[in-house]
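Participant: Could you put together the complete structure from these sequences and hints?
Chains as they are written, first to last, in this note's numbering: chain R, 1 to 706; chain F, 1 to 79.
FYI, nobody ran anything at the bench for these hints, they're computed from the structure.
Computed from a predicted structure; not experimentally measured.
Ideal Cβ placement from N, Cα and C applies to all residues, glycine included.
Incorrect hints may appear among the rest.
Unchecked claim - To give a feel for the contact side, a few chain F residues facing chain R, derived at Cβ under 8 Å: (1) G6; (2) R15; (3) V17; (4) V18; (5) M27; (6) R30; (7) D33; (8) I37; (9) G46; (10) S48; (11) A55; (12) D69.
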Amino acid sequence: MEITELPTDFAAVVKSADKTVALAGNPNVGKSTIFNALTGLHQHTGNWPGKTVSTACGEFESKEFSYALVDLPGTYSLLAHSQEEEVARNFICFCPQDAAVVVCDATCLERSLNLALQVMEICPNTLICVNLLDEAKRRGISVNLERLAEDLGVPVVGTSAHDKKSLNTLTEKLDELCAGLSRTNPRKLQYIQPIEQAISIVEPSLRKRFGERVSTRFAALRLIDGDSSMTERLGEFYGENPLEIPEIADCVERAKAILAANEITADALKDKIVSNLIQNAEEAARTAIERSNEQKSSRADKILTHKFLAFPIMIAALMVIFWITIVGANYPSQWLSAGLSWVGDRLTDFMSFLSAPWWLSGILVDGAYRVLAWVVSVMLPPMAIFFPLFTLLEDLGYLPRVAYNLDKPFCKCKACGKQSLTMCMGFGCNAAGIVGCRIIDSPREKLIAMLTNVFVPCNGRFPMIITLISLFIVSGIGVSSGFAASVLSAAILTVVILLGIMMTFLVSRILSATLLKGEPSSFTLELPPFRKPQIGTILVRSLLDRTVFVLGRAAAVAAPAGAIIWILANVSIGGAPILNYITDFLDPFAQIVGMDGVILTAFLLGLPANEIVIPLIAMMYTQTGALTEIASAQMLELFTANGWTVVTAVCVIIFTLMHFPCSTSLLTIKKESGSVKWAVLAAVIPTICGLLLCAVITGVARIIRM
Amino acid sequence: MGNICGLNEMGIGERAVVETLRVHGSMRRRLLDIGLIQGTNVECVGRSPLGDPAAYLIRGAVIAIRETDCRDVLVRRDS
Numbered sequence: 001m002e003i004t005e006l007p008t009d010f011a012a013v014v015k016s017a018d019k020t021v022a023l024a025g026n027p028n029v030g031k032s033t034i035f036n037a038l039t040g041l042h043q044h045t046g047n048w049p050g051k052t053v054s055t056a057c058g059e060f061e062s063k064e065f066s067y068a069l070v071d072l073p074g075t076y077s078l079l080a081h082s083q084e085e086e087v088a089r090n091f092i093c094f095c096p097q098d099a100a101v102v103v104c105d106a107t108c109l110e111r112s113l114n115l116a117l118q119v120m121e122i123c124p125n126t127l128i129c130v131n132l133l134d135e136a137k138r139r140g141i142s143v144n145l146e147r148l149a150e151d152l153g154v155p156v157v158g159t160s161a162h163d164k165k166s167l168n169t170l171t172e173k174l175d176e177l178c179a180g181l182s183r184t185n186p187r188k189l190q191y192i193q194p195i196e197q198a199i200s201i202v203e204p205s206l207r208k209r210f211g212e213r214v215s216t217r218f219a220a221l222r223l224i225d226g227d228s229s230m231t232e233r234l235g236e237f238y239g240e241n242p243l244e245i246p247e248i249a250d251c252v253e254r255a256k257a258i259l260a261a262n263e264i265t266a267d268a269l270k271d272k273i274v275s276n277l278i279q280n281a282e283e284a285a286r287t288a289i290e291r292s293n294e295q296k297s298s299r300a301d302k303i304l305t306h307k308f309l310a311f312p313i314m315i316a317a318l319m320v321i322f323w324i325t326i327v328g329a330n331y332p333s334q335w336l337s338a339g340l341s342w343v344g345d346r347l348t349d350f351m352s353f354l355s356a357p358w359w360l361s362g363i364l365v366d367g368a369y370r371v372l373a374w375v376v377s378v379m380l381p382p383m384a385i386f387f388p389l390f391t392l393l394e395d396l397g398y399l400p401r402v403a404y405n406l407d408k409p410f411c412k413c414k415a416c417g418k419q420s421l422t423m424c425m426g427f428g429c430n431a432a433g434i435v436g437c438r439i440i441d442s443p444r445e446k447l448i449a450m451l452t453n454v455f456v457p458c459n460g461r462f463p464m465i466i467t468l469i470s471l472f473i474v475s476g477i478g479v480s481s482g483f484a485a486s487v488l489s490a491a492i493l494t495v496v497i498l499l500g501i502m503m504t505f506l507v508s509r510i511l512s513a514t515l516l517k518g519e520p521s522s523f524t525l526e527l528p529p530f531r532k533p534q535i536g537t538i539l540v541r542s543l544l545d546r547t548v549f550v551l552g553r554a555a556a557v558a559a560p561a562g563a564i565i566w567i568l569a570n571v572s573i574g575g576a577p578i579l580n581y582i583t584d585f586l587d588p589f590a591q592i593v594g595m596d597g598v599i600l601t602a603f604l605l606g607l608p609a610n611e612i613v614i615p616l617i618a619m620m621y622t623q624t625g626a627l628t629e630i631a632s633a634q635m636l637e638l639f640t641a642n643g644w645t646v647v648t649a650v651c652v653i654i655f656t657l658m659h660f661p662c663s664t665s666l667l668t669i670k671k672e673s674g675s676v677k678w679a680v681l682a683a684v685i686p687t688i689c690g691l692l693l694c695a696v697i698t699g700v701a702r703i704i705r706m
Numbered sequence: 001m002g003n004i005c006g007l008n009e010m011g012i013g014e015r016a017v018v019e020t021l022r023v024h025g026s027m028r029r030r031l032l033d034i035g036l037i038q039g040t041n042v043e044c045v046g047r048s049p050l051g052d053p054a055a056y057l058i059r060g061a062v063i064a065i066r067e068t069d070c071r072d073v074l075v076r077r078d079s
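Facilitator: Rendered as structure tokens:
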């Protein structure tokens, strides 16, 4: 079995299972819901070799077999215009699977069938799963499954997310299909005569040489069509490039001559192939669908994309999410921090029980453990609240509307409207947002989105901005506690975020005129119907996929960083800790931008995780050499005693919003863009912006005071 | 018979049938991917708050397309 096409993690799963099944489908058809329902928590995610496309592979047991289910990227077609399509096509074409399941959207069956017909053309053992039946029913659409099965010549199952029984039917039919009990006779895509003639010339030559290891009809058409990525992959699979074999190359030339004689150019051929697919899908859908009354644009859409209401609603939604996150995270954060600090004390006791040397206990407990505990207690609660809320918006279908509303300003900055979605992801974690930039097709626009993602504050920087706002600005205004204070904090936070968004536009525009010159590329965006979100799935997905993932990565760098910080703060040269030399060195420069040497040093040491910047500042001011828990009142006192004013706080907030991204984000940019150059730029651009703005604010403040 | 115009000239609620696609390259592929071929029914269902892009109902799905990209899709208005 050739499994070179698979991510390495999946190969073992595929080998151990009785049957391998590919799961294909358009985006937004509930494919992942079905995948999760079938495989539960037995999932592995991995990147496809040489591609920045990640998918999941899971296992499940049916009555008859154990299955390895490979979740292919959501695509509309297999014609390989994008990396996702290429991955999906290569898997279905070249990885021997026992069956393919295509998840279709009952509310938009025609387009789903477009993909299903392409899969069926390559893999005759296909099972069609018509999902979202309940939603289609609500919208007055009913699908005749028997008639669809008859028309397509493959088994069809109807499913709805809330109906667990429908999944049993799915596995039963899959068992039958894999056991060879159900005969399939897939609907054939019949082309016009000259194209059929061209195929009939090339196909036998391929079959004669290589046998029917891949669908020769599909391969022949791709060779005639001049699909270079498919030709290359075929060459790897067969062990020799088919076009370098004289007989085959000759047949391809003859086929092309026939097309040319019928005035079918290369472009016209592509058009005819696609049109034929669409017409077949239209026909199949027409026979299966019975409509009673069709409801088109929903009332919600009229409001959410309304001329005057759209923007206030977006800002309000942002504010509500932040407010819930701030208020909700407060108590769990305190409990966690108290609990973890108690554990820290016991660790210290344990170290002295072992009579470990002071430096070892210092590095391990006061350094690595305390920093780790800090990061966890500050980061976990807001993330555990923010990510589910964000996933909720995602599931509802609100995010594409955000991209729709904001496309014009992005287009004016010569960028892509989908950048607003990557920015939304950036609120959770910039590294996640940068990975999300894959949804942008144009490489130029993708780079702009990656370089500016850091202008939205991630969950690591939120707590810091919030602490500074409530300590120095809200109480400075005279609102000290309670509901009013939390609302005011959320409002100021929103202003800070709007500043970040404005910077995103500005920097995108400047990049488009300088380093990444170009015009906006064409853009199409689907506005899927609003869906009732699945609370259970949201919790599992957001907690497992996002929260634990991000936290794990942050913790992995926090512990070693903690050890290094402890060494810098506790190892003395010439009577003073090493750290003091760094802060003294940076101080004159830091004063120009309204901060001090300690603050800048903390930002530099906070490169692995921005969460530790505030505790680092406190540690350096108190000269304790270890991060310690201090109450906010004490923090205000301590910082004020060290010369902090409202201007200092504002500058630190702005620098928090605009400085080099964390090390994880930088590494992600390097990986996604394939070059160190872009990672360096991603660090330099926001830092310059932040420093400039801070210098201006400090300058103005000094002039006013004089 | 209706009159021929660019997709961008359709008002909200108006329906039309695609006549020709005068676009090439990646945009043509993308339009074909969403099922926009000769003879396809389209309906303009809304406009973004800033006026661009507009949303069209194409084969059961709502797709947003920018004005500049719509200009080269010629449609025949239902009369």
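Participant: Look at each hint and say if it fits the structure.
Facilitator: We went through each hint and held it up to the structure:
no.: 1; hint: G6; verdict: 15 Å, violated
no.: 2; hint: R15; verdict: 11 Å, violated
no.: 3; hint: V17; verdict: 14 Å, violated
no.: 4; hint: V18; verdict: 11 Å, violated
no.: 5; hint: M27; verdict: 4 Å, holds
no.: 6; hint: R30; verdict: 5 Å, holds
no.: 7; hint: D33; verdict: 5 Å, holds
no.: 8; hint: I37; verdict: 5 Å, holds
no.: 9; hint: G46; verdict: 6 Å, holds
no.: 10; hint: S48; verdict: 5 Å, holds
no.: 11; hint: A55; verdict: 6 Å, holds
no.: 12; hint: D69; verdict: 5 Å, holds
Hint violations for this structure: numbers 1, 2, 3, 4, all remaining hints satisfied.
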